[in-house]
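**Q** Can you make the complete structure from the sequences, with help from the hints?
Take a look at the letters that make up each chain.
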Amino acid sequence: MKRILAVIIALALALSLLSGCGGSQKNEDSIATGGTNNQEDTQKPVEDVKPVTLTMLVSGNKSPDGKDIELDILPKMIKEKFSNINLEATKLPDEQYNTSIKTKLAAGEGPDIFLVWPKTGVCGAIDLSKAGYLMDISGYNIWNNFAKGAVEDMSYDGKVRAVAKGLDLLGIYYNKALFQKAGITEEPKDWTSFLGVCQKLKDAGITPIVTGDKDPWYLQFALYQIAANVVYPDDMDFDVKLQAGEESLTNPKWVKAIEMFNELYAKGYVVKNSLGIGSAQACSMFIDGKAAMIFDGTWDYNTLMAKGEAEFERGFMATPANESGKATYASASTAAGYAVNASTKNADAVKQVFEYWFDVNSSLFAAYRDASSSISVVKGVPLENELFKGVYDIYQNGKSVYFCNQMWPGAVATDMETKLQEMIGGQKTTPQDVTKAMDAKFKELWKN
Amino acid sequence: MNSSVMKRSMYLFVLPALIFYLLFWIFPILKIFQYSVSDYNGFVQKFNYIGMDNYISLFKEGVLVNSIKNTLIYTAVFVLFGNIFSLCLAFILNMNIAGKGVYRSVAYIPTLFSAIVVGFIWSYVYMPDSGLISSVLKAIGIDGSDFNPLGVGTTALYAIVFVEIWKNIGTNTIIFLAGLQTIPNELIEAGKIDGCSSWKLTRYVRIPLLAASITINVTLSVVNGLKAFDYPFIMTNGGPGTATNTLIFKIFKYAYNEQLFGKASALGVVAFTIIIIITGILVMNLRKKEVSL
Numbered sequence: 001m002k003r004i005l006a007v008i009i010a011l012a013l014a015l016s017l018l019s020g021c022g023g024s025q026k027n028e029d030s031i032a033t034g035g036t037n038n039q040e041d042t043q044k045p046v047e048d049v050k051p052v053t054l055t056m057l058v059s060g061n062k063s064p065d066g067k068d069i070e071l072d073i074l075p076k077m078i079k080e081k082f083s084n085i086n087l088e089a090t091k092l093p094d095e096q097y098n099t100s101i102k103t104k105l106a107a108g109e110g111p112d113i114f115l116v117w118p119k120t121g122v123c124g125a126i127d128l129s130k131a132g133y134l135m136d137i138s139g140y141n142i143w144n145n146f147a148k149g150a151v152e153d154m155s156y157d158g159k160v161r162a163v164a165k166g167l168d169l170l171g172i173y174y175n176k177a178l179f180q181k182a183g184i185t186e187e188p189k190d191w192t193s194f195l196g197v198c199q200k201l202k203d204a205g206i207t208p209i210v211t212g213d214k215d216p217w218y219l220q221f222a223l224y225q226i227a228a229n230v231v232y233p234d235d236m237d238f239d240v241k242l243q244a245g246e247e248s249l250t251n252p253k254w255v256k257a258i259e260m261f262n263e264l265y266a267k268g269y270v271v272k273n274s275l276g277i278g279s280a281q282a283c284s285m286f287i288d289g290k291a292a293m294i295f296d297g298t299w300d301y302n303t304l305m306a307k308g309e310a311e312f313e314r315g316f317m318a319t320p321a322n323e324s325g326k327a328t329y330a331s332a333s334t335a336a337g338y339a340v341n342a343s344t345k346n347a348d349a350v351k352q353v354f355e356y357w358f359d360v361n362s363s364l365f366a367a368y369r370d371a372s373s374s375i376s377v378v379k380g381v382p383l384e385n386e387l388f389k390g391v392y393d394i395y396q397n398g399k400s401v402y403f404c405n406q407m408w409p410g411a412v413a414t415d416m417e418t419k420l421q422e423m424i425g426g427q428k429t430t431p432q433d434v435t436k437a438m439d440a441k442f443k444e445l446w447k448n
Numbered sequence: 001m002n003s004s005v006m007k008r009s010m011y012l013f014v015l016p017a018l019i020f021y022l023l024f025w026i027f028p029i030l031k032i033f034q035y036s037v038s039d040y041n042g043f044v045q046k047f048n049y050i051g052m053d054n055y056i057s058l059f060k061e062g063v064l065v066n067s068i069k070n071t072l073i074y075t076a077v078f079v080l081f082g083n084i085f086s087l088c089l090a091f092i093l094n095m096n097i098a099g100k101g102v103y104r105s106v107a108y109i110p111t112l113f114s115a116i117v118v119g120f121i122w123s124y125v126y127m128p129d130s131g132l133i134s135s136v137l138k139a140i141g142i143d144g145s146d147f148n149p150l151g152v153g154t155t156a157l158y159a160i161v162f163v164e165i166w167k168n169i170g171t172n173t174i175i176f177l178a179g180l181q182t183i184p185n186e187l188i189e190a191g192k193i194d195g196c197s198s199w200k201l202t203r204y205v206r207i208p209l210l211a212a213s214i215t216i217n218v219t220l221s222v223v224n225g226l227k228a229f230d231y232p233f234i235m236t237n238g239g240p241g242t243a244t245n246t247l248i249f250k251i252f253k254y255a256y257n258e259q260l261f262g263k264a265s266a267l268g269v270v271a272f273t274i275i276i277i278i279t280g281i282l283v284m285n286l287r288k289k290e291v292s293l
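Sequences listed follow chains F and E, in order. Quick note, the first sequence lines up with residues 1 to 448 if you use UniProt numbering. Quick note, the second sequence lines up with residues 1 to 293 if you use UniProt numbering.
One should not assume that every hint holds.
If you anchor each label on the Cβ, the simulated ranges turn out as follows [what the hints assert, rightly or not]:
| hint | chain 1 | residue 1 | chain 2 | residue 2 | range |
| --- | --- | --- | --- | --- | --- |
| 1 | E | Leu80 | F | Lys176 | 34 to 44 Å |
| 2 | F | Lys436 | E | Asp146 | 22 to 32 Å |
| 3 | F | Val240 | E | Ile29 | 35 to 45 Å |
| 4 | F | Trp143 | E | Gly62 | 47 to 57 Å |
| 5 | F | Gly426 | E | Ser114 | 51 to 61 Å |
| 6 | E | Ile29 | F | Glu109 | 53 to 63 Å |
| 7 | F | Ala107 | E | Phe33 | 35 to 45 Å |
| 8 | F | Lys176 | E | Ile32 | 49 to 59 Å |
| 9 | E | Val136 | F | Lys176 | 31 to 41 Å |
| 10 | F | Ala107 | E | Gly62 | 28 to 38 Å |
| 11 | F | Ala177 | E | Gly62 | 21 to 31 Å |
| 12 | E | Ile207 | F | Gly426 | 54 to 64 Å |
| 13 | E | Ile29 | F | Lys436 | 35 to 45 Å |
| 14 | E | Asp146 | F | Asp433 | 23 to 33 Å |
Straight line, CA to CA, 16 Å or less: simulated EDC-like cross-link-like pairs of lysine to aspartate or glutamate [as the list claims (entries may be wrong)]:
| hint | chain 1 | residue 1 | chain 2 | residue 2 |
| --- | --- | --- | --- | --- |
| 15 | F | Lys290 | E | Asp129 |
| 16 | F | Lys253 | F | Asp237 |
| 17 | F | Lys443 | E | Glu61 |
| 18 | F | Lys447 | E | Asp143 |
| 19 | F | Lys443 | E | Asp39 |
| 20 | F | Lys272 | E | Asp146 |
| 21 | E | Lys60 | F | Glu444 |
| 22 | F | Lys436 | E | Glu61 |
| 23 | E | Lys60 | F | Asp237 |
| 24 | F | Lys443 | E | Asp146 |
| 25 | F | Lys272 | E | Asp39 |
| 26 | F | Lys272 | E | Asp129 |
If the Cβ cut is set under 8 Å, some of the chain F residues that face chain E in the computed set are [to be verified]:
| hint | residue |
| --- | --- |
| 27 | Val122 |
| 28 | Ala131 |
| 29 | Gln199 |
| 30 | Pro216 |
| 31 | Lys272 |
| 32 | Asn273 |
Please keep in mind that the hints were generated in silico from the structure rather than gathered at the bench. By construction, the Cβ of each residue, glycine as well, lies at the ideal position given by its N, Cα and C atoms.
**A** Put into structure tokens, the structure is as follows:
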């Protein structure tokens, strides 16, 4: 009996091995023939054009409907226009992206096209340019259409290194129905009236603000808006001086900004136990109508406009951290942008793709514009989401400051977040301690 | 003559594995020592050697003390309670109760999920106000509005160790259960005839005979505890503040969030040393005990 079983098993194994080999051979054949066929196809219309495969690595969450601009539409439309160019796009969640892109670049395995963020910081255009990973793309025939600020933020050494996706705004999404319920008729115009609005909501039994402080990066959303009104308006060159060693993050203005931030927690305007709530949970609390306001940016538009348990109209405003009688400044910054690997072997193909992609009249640009969540920085493209109009106008009037961490080495913001968590968690950390930690980290890491 | 040729040619067969081992295991470890005295940021290949600065600043900033303390607390709680819980569970599951197969499977289920799933589910369980635990508290009339284990510096570490214990209880229990089944029935019966109470049977017969299982479980738990990374990463991001920064989590954070590969390497060297020392002491002690048995 055992013998028969053994023979059967041996036979089965042998067969599966054989069939495995056969299968793979067939596959190889079909791939090979497929390849040659393709080559013939592509070589027919234009002579001497070799097929090129471009790789692209970007960050973000894939669009659920399968109509992802970077993963689906872009490769397809580029293939239609240039039959010899295949674009292979990969998308990773933000944190994974940051980790993997740097490792890939360091190992010389970087993709042809990838995302970088403006100025310095984690994956910042300046840092990566200094390391020699970004190609100078000033020569591309696209720059006439771009807003100057967006181009400058992506430049290093006077040369453009990336094409910005657009403009991102920070602000407060608020629940108009809850505002009305608390008897608030208009958006607050300065810090005192903002605190008044929070108090009114609290008195009406409504949680004024929900935050996702369990995710450390979330803490930046409110603080950078406050800093934009406290630190920068009288001193737009603050960070330039900081980098030159003439300023310090322990400056009383920064201490004041953090004190104002802390005031929101001390007065009980922020949801209780915010350190136990992550950003996703905070967003769902907002759309469920459990809190009146949430600090967030344009990138979370779809999440925050999604239908939750409650139905209500949303508003969007810049955090009015200004003194009364002064103008409110918005936190607005160039979004991430597409950069080209300095060591790409397909520089010409990439140039062709970029010039088609960002040609205002091309059908690809139209599709890209429609799918983009950031506000466009290309001249003549109107603002898509009416919700952002108020804050966008502030930006247009020049009353805006970039996100503070863009002028710091990445670790400064991380240390700041840790200290802020300690502060709002009641661990006896003072605003001065926070600024001291930020300044110490900055001085440790900043190298000219 | 013939045999010596055999032996020498045998070395050739070891070579491929040895090359891989050296290249992907020993070489990177040595590289860590090199990076730990540099300001390498992980992607710019030009870097400077800065001597012991990384180690000094780790010490000065209190990172070293904090993360070692957190890791040791994590490990101690995990080893102690994880093993006590699973030992109790193993005793219960070893009894002759109806449907014990079902209970045994149920106890093993948490082990089957990946850490990311478990971490995610538990952050909703712990969520203040609308999480599972606070909802239950509310339902039975207790004010759970202050229940926020992950958001309070003093409780966050224990809250995540509990999840680690919950997740690993199945594995530990199975090992104990297997140990219990190997105890010969005659010994138990002999004990009973001699008039042992069931507590005495457990204390003087079952537990000593479980020594081998205890060794395995304690060693595995210590190694897992010292490597703690998943739950601080998924559930608290090391926070609030630095309350759940374990050694390995802090290494990851330095290297990938803060672009401080040099400093991360220095911390890696320290972690390496600590783990070697603790494991060394543990192994020597447990060996002694096994000999004495």
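**Q** Decide, hint by hint, whether the structure agrees.
**A** Do the hints match the structure? See the list:
1. E/Leu80 - F/Lys176: 34 to 44 Å: Because 54 Å falls outside the window, the suggested range is violated.
2. F/Lys436 - E/Asp146: 22 to 32 Å: holds (31 Å)
3. F/Val240 - E/Ile29: 35 to 45 Å: Distance hint for F/Val240, E/Ile29 holds at roughly 42 Å.
4. F/Trp143 - E/Gly62: 47 to 57 Å: Since the Cβ atoms of F/Trp143 and E/Gly62 sit about 48 Å apart, the hinted range of 47 to 57 Å holds.
5. F/Gly426 - E/Ser114: 51 to 61 Å: Given a distance of about 34 Å, which is not inside 51 to 61 Å, the answer is violated.
6. E/Ile29 - F/Glu109: 53 to 63 Å: With a Cβ separation near 22 Å, E/Ile29 and F/Glu109 fall outside 53 to 63 Å, so the hint is violated.
7. F/Ala107 - E/Phe33: 35 to 45 Å: violated (20 Å)
8. F/Lys176 - E/Ile32: 49 to 59 Å: Holds, since F/Lys176 and E/Ile32 (Cβ atoms, about 55 Å apart) stay within the stated range.
9. E/Val136 - F/Lys176: 31 to 41 Å: Roughly 34 Å apart at Cβ, these two residues keep to the hinted range, so it holds.
10. F/Ala107 - E/Gly62: 28 to 38 Å: holds (34 Å)
11. F/Ala177 - E/Gly62: 21 to 31 Å: Roughly 47 Å apart at Cβ, these two residues miss the hinted range, so it is violated.
12. E/Ile207 - F/Gly426: 54 to 64 Å: Since the Cβ atoms of E/Ile207 and F/Gly426 sit about 44 Å apart, the hinted range of 54 to 64 Å is violated.
13. E/Ile29 - F/Lys436: 35 to 45 Å: holds (36 Å)
14. E/Asp146 - F/Asp433: 23 to 33 Å: Once the Cβ atoms are compared, 25 Å apart, the range 23 to 33 Å for F/Asp433 and E/Asp146 holds.
15. F/Lys290 - E/Asp129: OK: F/Lys290 and E/Asp129 at ~11 Å, within 16 Å.
16. F/Lys253 - F/Asp237: Holds. F/Lys253 to F/Asp237 sits at ~14 Å (cutoff 16 Å).
17. F/Lys443 - E/Glu61: holds (14 Å)
18. F/Lys447 - E/Asp143: violated (52 Å)
19. F/Lys443 - E/Asp39: Given that 16 Å is the threshold and the Cα spacing comes to 14 Å, the pair holds.
20. F/Lys272 - E/Asp146: Given pair F/Lys272, E/Asp146 holds - Cα atoms ~8 Å apart, limit 16 Å.
21. E/Lys60 - F/Glu444: Roughly 13 Å between the alpha carbons, so the hint for E/Lys60 and F/Glu444 holds.
22. F/Lys436 - E/Glu61: Distance ~12 Å between F/Lys436 and E/Glu61 Cα, so the pair holds.
23. E/Lys60 - F/Asp237: violated (32 Å)
24. F/Lys443 - E/Asp146: violated (39 Å)
25. F/Lys272 - E/Asp39: violated (41 Å)
26. F/Lys272 - E/Asp129: Roughly 9 Å between the alpha carbons, so the hint for F/Lys272 and E/Asp129 holds.
27. Val122: holds (7 Å)
28. Ala131: holds (4 Å)
29. Gln199: With Cβ-Cβ at 20 Å, over 8 Å, it is violated.
30. Pro216: At about 5 Å, which falls below the 8 Å cut-off, the nearest Cβ of chain E leaves the hint on F/Pro216 intact, so it holds.
31. Lys272: Since chain E brings a Cβ to about 7 Å from F/Lys272, closer than 8 Å, the hint holds.
32. Asn273: holds (4 Å)
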